[in-house]
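Trainee: Taking the hints into account, I'd like the entire structure generated from these sequences.
Protein chains: 2
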Amino acid sequence: MTSLNNTTNQQLTPSKRSQIKRLPKRGNYETQAIYNILDEALICHVGFTVNNQPFVIPTAYGRVDDKLYIHGSPASRMLRTLNQGIEVCVTVTLLDGLVLARSAFHHSMNYRSVVIFGTAMLVTDTEEKYEALRAFTEHVVSKRWQEVRQPHKQELQGTMVLSLTLTEASAKVRTGNPVDDEADYDLPVWAGVLPLQMLPGKAIDDERLIEGIEVPDYIKNYARHSSTK
Amino acid sequence: MTSLNNTTNQQLTPSKRSQIKRLPKRGNYETQAIYNILDEALICHVGFTVNNQPFVIPTAYGRVDDKLYIHGSPASRMLRTLNQGIEVCVTVTLLDGLVLARSAFHHSMNYRSVVIFGTAMLVTDTEEKYEALRAFTEHVVSKRWQEVRQPHKQELQGTMVLSLTLTEASAKVRTGNPVDDEADYDLPVWAGVLPLQMLPGKAIDDERLIEGIEVPDYIKNYARHSSTK
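Those protein sequence lines, which keep their order, are chains A and B. All residue numbers for the first sequence refer to our numbering, where the first residue is 1 and numbers rise by one. All residue numbers for the second sequence refer to our numbering, where the first residue is 1 and numbers rise by one.
It should be emphasised that the hints constitute simulated quantities derived from the structure, not laboratory data. Do not take every clue at face value.
Same chains, same label: a pair holds when it works inside one copy or across any pair of copies.
[What the hints assert, rightly or not] Calculated pairs, DMTMM-like style, for lysine to aspartate or glutamate (alpha carbon to alpha carbon, straight line, at most 25 Å):
#	residue 1	residue 2
1	K202	D186
2	K220	E138
3	K25	E131
4	K25	E127
5	K16	E155
6	K202	D66
7	K202	D96
8	K16	E30
9	K25	E155
10	K153	E214
Mentor: Below is the structure:
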């Protein structure tokens, strides 16, 4: 397994399980491509197995360098199970558009996804845990952490944080136009791409908000950083 | 397990694995609530296990009554594996907003998710397969199927379709404002909800589109049907 750092264009060596099997030309093992997808998406789907039964649970996450963090209550079945050191698969998917072909068969979607394999580690170091919590908040809304009340000791203790090292991961990306059968290009059917994006609406004040507090600029101008669309 | 039909307000009996463990007040076993989420979302995350290794793969899907269909090439590792009758977990998640509390600890997200358990069945009946393919297309863009070239025999044969019966499923929903610690409501920090929605951009014509073909109204006015936000 390649060890990672922050430089761009670094490649992960695909393992047996992280290697893209179907449509390998859509595969990408560059760490920066993987990080960009992880940083833009808001939720991941965590897969784990108990007695041969797979579970897939959506959850928030944060990233610091080559570590992905998930967190929750110590009562969470998912976290308690993952903390037993079992294999985990974490998948993050960004949907970028509908690909509308001239035939039903060639309809598709433009997307960017990352699949990560590994085993999760319990974060016990207080400083790393604190940084992980900062990463969760900043991942969702940049500039938020410095404005809000930061976690006190009981909250830190009452939060379970697990880390997953981003060594065995791959990205898969589809972009661009539909690919139709040659004979179908003459059909009088509209074809193309309908781009899709996760966009914010108007911020809704909490009903107990203190009078006179304005919506911050980082909320007014909120956007997920779009990279390779 | 309750058997399902199309009536609303029908309840599924939670099984040991489909019962919501964490925050059970967010749980919902009504079939219509589950169907609404499935019909609005565009992709699901399919979880399965091979030699204790979980895999989570994003894919498109369609629904007809109490059946969820996934499809792909017969060369797909996921489909071939699921066709062995192993346990599967399919999860669908809609992100509805960011929940911005006065403390980092109470930040959350508004979402609607569905988790389905079961085993997938190969669809061999030609008519059911054809209806499943129609459901895939219509799920993505309503009114599209009748306009495009429909699958011919080789395409039908070259598509593997699996069905999952929606008997063991649950929905989980969070809505509304942040819930802060009582003492934090006095903090001079903006709090509230930033709604998020998957929205279409401007349709992009395929570069080989026949001249004079306009973007159809069902694309111009495209929206995912929003239910309980």
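Trainee: Are the hints correct? Go through all of them and say.
Mentor: Status of each hint after checking the structure:
no. : hint        : verdict
1   : K202 - D186 : between (44 Å within a copy, 24 Å between copies)
2   : K220 - E138 : within (16 Å within a copy, 35 Å between copies)
3   : K25 - E131  : neither (36 Å within a copy, 31 Å between copies)
4   : K25 - E127  : neither (41 Å within a copy, 34 Å between copies)
5   : K16 - E155  : neither (40 Å within a copy, 30 Å between copies)
6   : K202 - D66  : neither (34 Å within a copy, 36 Å between copies)
7   : K202 - D96  : both (22 Å within a copy, 12 Å between copies)
8   : K16 - E30   : within (17 Å within a copy, 41 Å between copies)
9   : K25 - E155  : between (45 Å within a copy, 22 Å between copies)
10  : K153 - E214 : neither (30 Å within a copy, 61 Å between copies)
In this structure, the earlier hints numbered 3, 4, 5, 6, 10 are contradicted, and the remaining ones agree with it.
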